[in-house]
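Whole structure, please, built from the sequences with the hints as guidance.
Protein chains: 4
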Amino acid sequence: KATSTDRSAQLKQMLLSPKLEFIMEAHSALSAKIVEETGFKAIWASGLSMSASLGLRDSNEASWTQVLDILEFMSDATTIPILVDADTGFGNFNNARRLVRKLEQLGIAGACIEDKLFPKTNSLLDNREQPLADIDEFALKIRAMKDTQQDPNFCVIARVEAFISGWGLDEAIRRAEAYLSAGADAILMHSKQKDPKEIEQFMKAWNNQGPVVIVPTNYYQTPTDTFQKWGISTVIWANHNLRSSIKAMQATSKRIYNEQTLVNIEPNIVSVKEVFRLQNDQELVNAEKKYLPTKSKK
Amino acid sequence: KATSTDRSAQLKQMLLSPKLEFIMEAHSALSAKIVEETGFKAIWASGLSMSASLGLRDSNEASWTQVLDILEFMSDATTIPILVDADTGFGNFNNARRLVRKLEQLGIAGACIEDKLFPKTNSLLDNREQPLADIDEFALKIRAMKDTQQDPNFCVIARVEAFISGWGLDEAIRRAEAYLSAGADAILMHSKQKDPKEIEQFMKAWNNQGPVVIVPTNYYQTPTDTFQKWGISTVIWANHNLRSSIKAMQATSKRIYNEQTLVNIEPNIVSVKEVFRLQNDQELVNAEKKYLPTKSKK
Amino acid sequence: KATSTDRSAQLKQMLLSPKLEFIMEAHSALSAKIVEETGFKAIWASGLSMSASLGLRDSNEASWTQVLDILEFMSDATTIPILVDADTGFGNFNNARRLVRKLEQLGIAGACIEDKLFPKTNSLLDNREQPLADIDEFALKIRAMKDTQQDPNFCVIARVEAFISGWGLDEAIRRAEAYLSAGADAILMHSKQKDPKEIEQFMKAWNNQGPVVIVPTNYYQTPTDTFQKWGISTVIWANHNLRSSIKAMQATSKRIYNEQTLVNIEPNIVSVKEVFRLQNDQELVNAEKKYLPTKSKK
Amino acid sequence: KATSTDRSAQLKQMLLSPKLEFIMEAHSALSAKIVEETGFKAIWASGLSMSASLGLRDSNEASWTQVLDILEFMSDATTIPILVDADTGFGNFNNARRLVRKLEQLGIAGACIEDKLFPKTNSLLDNREQPLADIDEFALKIRAMKDTQQDPNFCVIARVEAFISGWGLDEAIRRAEAYLSAGADAILMHSKQKDPKEIEQFMKAWNNQGPVVIVPTNYYQTPTDTFQKWGISTVIWANHNLRSSIKAMQATSKRIYNEQTLVNIEPNIVSVKEVFRLQNDQELVNAEKKYLPTKSKK
Ligand SMILES: [Mg+2]
Ligand SMILES: [Mg+2]
Ligand SMILES: [Mg+2]
Ligand SMILES: [Mg+2]
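Keeping their order, the protein sequence lines are chains C, H, X and S.
Read in order, the letters of the first sequence are residues 5 to 302 in our numbering.
Read in order, the letters of the second sequence are residues 5 to 302 in our numbering.
Read in order, the letters of the third sequence are residues 5 to 302 in our numbering.
Read in order, the letters of the fourth sequence are residues 5 to 302 in our numbering.
Don't take each hint at face value.
Treat identical chains as interchangeable: a pair holds within one or across any two.
Claimed, not checked - Simulated crosslink set (BS3-like; lysine-lysine; CA at most 30 Å straight-line): (1) 45 to 106; (2) 23 to 198; (3) 150 to 293; (4) 198 to 233; (5) 258 to 150; (6) 45 to 201; (7) 124 to 106; (8) 277 to 45; (9) 16 to 277; (10) 277 to 251; (11) 294 to 150; (12) 258 to 16; (13) 294 to 124; (14) 196 to 277; (15) 208 to 150; (16) 208 to 251; (17) 124 to 23; (18) 150 to 45; (19) 251 to 45; (20) 258 to 23.
Simulated from the structure, these hints should not be mistaken for laboratory data.
Right, dumping it as structure tokens:
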């Protein structure tokens, strides 16, 4: 099984590689395993998706240890790197340090924190205030996290919310530079525009000072090779497994409710055997042969 | 918000009503909310589904308090009754008593326990031993649970695994009668045959001594009105939201992986706004107006 | 067993009664049970003590749900009211609202929140900054908590840190009045002076506008009837079970380490039987007679 | 900070060393830290003590993950090896395997499991049945645990309850040999007699086949050098910090309740500063200087 160090080294390599890389969202051990089985090289543990699956809002309604509980199951069920959406770090530098220690213990490869205030507000919501953190305070938080990690490859990604908060390019650049100086392994530059102009402007001004990660949830119509051309390091597909599962469950529930039979549903869902396979039941079958006494012994 | 008592009274009413009732599976707060929004009157918190979503096997790999953690979120996100798949009760009568107290605290309407040994094995697995519990021990466990509940409507359903273990009709009847005598609010008679003959035999011999619940995962082709005709009280659609979500996430992950774009995915998944709606973000918008100081005050 | 409502009504009565009342610290189910058995009418779940027992600092290093985990055991092991030291409410008004819902679910009688910033710093530490919350923001947080509670007797106590932060009497009064207006059931006025002058000044200026709670950890030499005379409602003995247990365990560990025998320790510690009694083992003995099958049946 | 591997190597060395070694009980991070500061080389995480501190019985009322929650805090607060009282392994071989993986993740050095049935009953209780596990089933459980550990030094200790259950010497030897053959790193031979005759008999018959650990809670009057002479490897002082803390808290609570003042208590308890020291507050003071922005920057 991949160790924490293996995973973090793989994530770091993805950030540094000249090739455009892709990270796919998961919000549970099961969805994380599906991401790995599909062939993706890394998993995005989305704050929006995890909170939604808990029936909560993306406003730090779940405690940071409740998030850890999900991450532990995700990590145990997979071997590829997991990058955690760690919101603002769940408090000040001291809370962020504690988070790093716990993430390393769970075999998580990296954490992304955003320069807003606790409790945070989802960046894609309309008409909500998005006050930014003090730039020095946030840079020192990054430094505290980097000083705390024991695995040299654990990745800390600094997410800049300057565009989200309406501050524009200069502030975005100023913050990205400060966070990179503080030790961030990459910058996640977020934008909620329907087109990627903010990202394009940033990439030109940034001049390749360090790896840049993007989340094209709203500007999804831009072809991927445009991002490659601009020098983006990594794209996060941030919430699509969640949104796909909601669509499916709403449709399945509705059809069973209306038809009062499974006959028309059964062909459109995976088999119970496939569930057992995803649970790796065969390993237990083998182990039972090895570790349960035969009846004659009893 | 519906209290625990409201919910359990509703579940009890479903068990006792002459009409055939339906309970739909969920494994998370989000899927539970979808079940409620669809119109179902109750939710089945499936052990198979919850364990699978945690990346674990349906063999009591999750601790009983890890199951409670999921149930708490499910209960908080919904108002209709939740019936919990409580496996064997997670130990002896004393563990089962503690479980009842905690379920009542979380607003769960009822628990179904099955007459096997801890740790249990999923009933639909092929070629696995399914040793049954001692009938007296299990009946006393039911009684302990009933004696413990403080809400008179909390439902304890006794699941009989005699057919699953290959013991046949007489044992099934003998156990169902013992558990009903011990205080069970209903009997869940399980069968993994592709046709419903075991259930049909049981219903004839049972002669309507008490409410019967079934789980037609394998004999799903039987029309629902056949169940009604036999006098079944309630049908559980036991794992179909999970299996539907797996199908969707596998397809979505694969397509995004292959196409490296969201363009063809976006029309087939719910919008981010729909996620926000399911999270009830609007309530927080209103609350922020009420409870956050206006800027001028600051 | 006392319901949540009973407990909160008792706590409210203590706050409102003309008699000086006393609340004793606990930090675990066991210490809480000892407080109850001693005869105290209520329990203070101290943030300092709970964090120290977890090996953490009193700086919100434990998540709010880790605190809830302790409170759940404390509540289950006792029947008298528990007043929780809820620090700053663990975030903004929305986090505080969620807290209230969970505390009510656990049967906790009330919460005390202090007007500082998250993450908080213990008030008795020397030379540490203790920035205060915005007064309007904090008052609205109190209001959000009061609007959220479903049990009319659940108590929200507003702790004023104006003296701790060096702001003086006027600010203390201004804040106490604002929080009382916002719905607080009582004011906890904190002081870390070795003498009770700040408290005396406050009580004179306060003029009995509402119940006042104090924590005389540092000014412990003042006789209790002085507090009664000033019109104090309730005194919290805030951390003395913890400090007493540390003294005892340090001495016991040291003596066993040095002497390599229990002979001289045994007379100075409670018996194993007393541990069993505190665990209420007898109830289980009785239940086993009732709910375990006799051997002949097996 | 000591890694898991360091700790387990130290524990293994203690088991194998010719010198009689001592392990001291703790039940919380705080008591664990006190054990370490006192000079002990290892910590016994007692099931009795941990359950009592949670207000629960030593009958697997706490879930195994609730025990892990305590162990995580204990491990984080200390650097010496922790040996966990893991009862029966919390289920079958598969549950015990999962336990090993989680204990290693938390930096726990070893686990002791006893050959009884889940849920277990405390061995020192009078007049309670103590049915033993099937010897083959238990030996295979030991083997499964040893096969699972990734750290070669992680210790699995097999506790034999043959004397506790009244089976006598032959059964004790037979079981000890079977468990050692299955891979156990040491045998814990338990006895609840007031004198150590059972232990003496066992040691003579055992003939030094492998390291033996004892728990002289009831036969505490035997001098330690007698144990050394018999060839015992390690003595566990199994519950004395708990029992000492209960005595202290009962006395402190009673005195404060009766006297309504702290004046006579204060000299007999540690200072608040000592609590801060145990919490390692100074490290946070230093970190705040490093990682909080100075005011002028703000
Ligand atoms: Mg997010
Ligand atoms: Mg099940
Ligand atoms: Mg406090
Ligand atoms: Mg024990």
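Status of the hints after comparison with the structure:
In this assembly of identical chains, residue 45 and residue 106 lie within 30 Å of each other by CA distance both inside one copy and across copies; the values are 23 Å within and 25 Å between. Taking the shortest alpha-carbon separations for residue 23 and residue 198, only the intra-copy value of 25 Å comes in at or below 30 Å, while the best inter-copy value is 51 Å. In this assembly of identical chains, the alpha carbons of residue 150 and residue 293 lie at most 30 Å apart only when taken from different copies (16 Å versus 46 Å within one copy). Taking the closest pair of Cα atoms, residue 198 and residue 233 come within 30 Å of each other only inside a single copy of the chain (19 Å); across copies the shortest separation is 56 Å, beyond that limit.
In this homomeric assembly, residue 258 and residue 150 never come within 30 Å of each other (Cα to Cα): the closest approach is 48 Å inside a single copy and 34 Å across copies. For the identical chains of this complex, residue 45 and residue 201 are intra-copy neighbours only, at 28 Å inside a copy versus 48 Å across copies, given an alpha-carbon limit of 30 Å. Proximity of residue 124 and residue 106 under a CA criterion of 30 Å is satisfied in both settings, with 21 Å inside one chain copy and 21 Å between copies. In this assembly of identical chains, the alpha carbons of residue 277 and residue 45 lie at most 30 Å apart whether taken from the same copy (26 Å) or from different copies (28 Å).
Proximity of residue 16 and residue 277 under a CA criterion of 30 Å is satisfied in neither setting, with 36 Å inside one chain copy and 33 Å between copies. Taking the shortest Cα distances, residue 277 and residue 251 sit within 30 Å of each other both inside one copy (23 Å) and across copies (13 Å). Proximity of residue 294 to residue 150 under the C-alpha cut-off of 30 Å is restricted to the inter-copy arrangement: shortest distance 13 Å between copies versus 44 Å within a copy. Taking identical chains as interchangeable, the C-alpha atoms of residue 258 and residue 16 lie at most 30 Å apart only when they sit on different chains, with a minimum of 24 Å there against 44 Å within one chain.
Proximity of residue 294 and residue 124 under a CA criterion of 30 Å is satisfied inter-copy only: 18 Å between copies versus 50 Å inside one chain copy. Taking the shortest alpha-carbon separations for residue 196 and residue 277, only the inter-copy value of 13 Å comes in at or below 30 Å, while the best intra-copy value is 41 Å. Taking the closest pair of Cα atoms, residue 208 and residue 150 come within 30 Å of each other only inside a single copy of the chain (27 Å); across copies the shortest separation is 52 Å, beyond that limit. For the homomeric pair residue 208 and residue 251, neither the shortest alpha-carbon distance inside one copy (38 Å) nor that between copies (41 Å) is at most 30 Å.
Taking the shortest Cα distances, residue 124 and residue 23 never come within 30 Å of each other, neither inside one copy (32 Å) nor across copies (44 Å). When the C-alpha separation of residue 150 and residue 45 is checked against a cutoff of 30 Å, the pair qualifies only within one copy, where the shortest distance is 23 Å, while the shortest distance between copies is 32 Å. Taking the closest pair of Cα atoms, residue 251 and residue 45 come within 30 Å of each other both inside a single copy (25 Å) and across two copies (21 Å). Taking CA atoms no more than 30 Å apart as the test, residue 258 paired with residue 23 passes between copies only; the shortest distance there is 20 Å, against 43 Å inside one copy.
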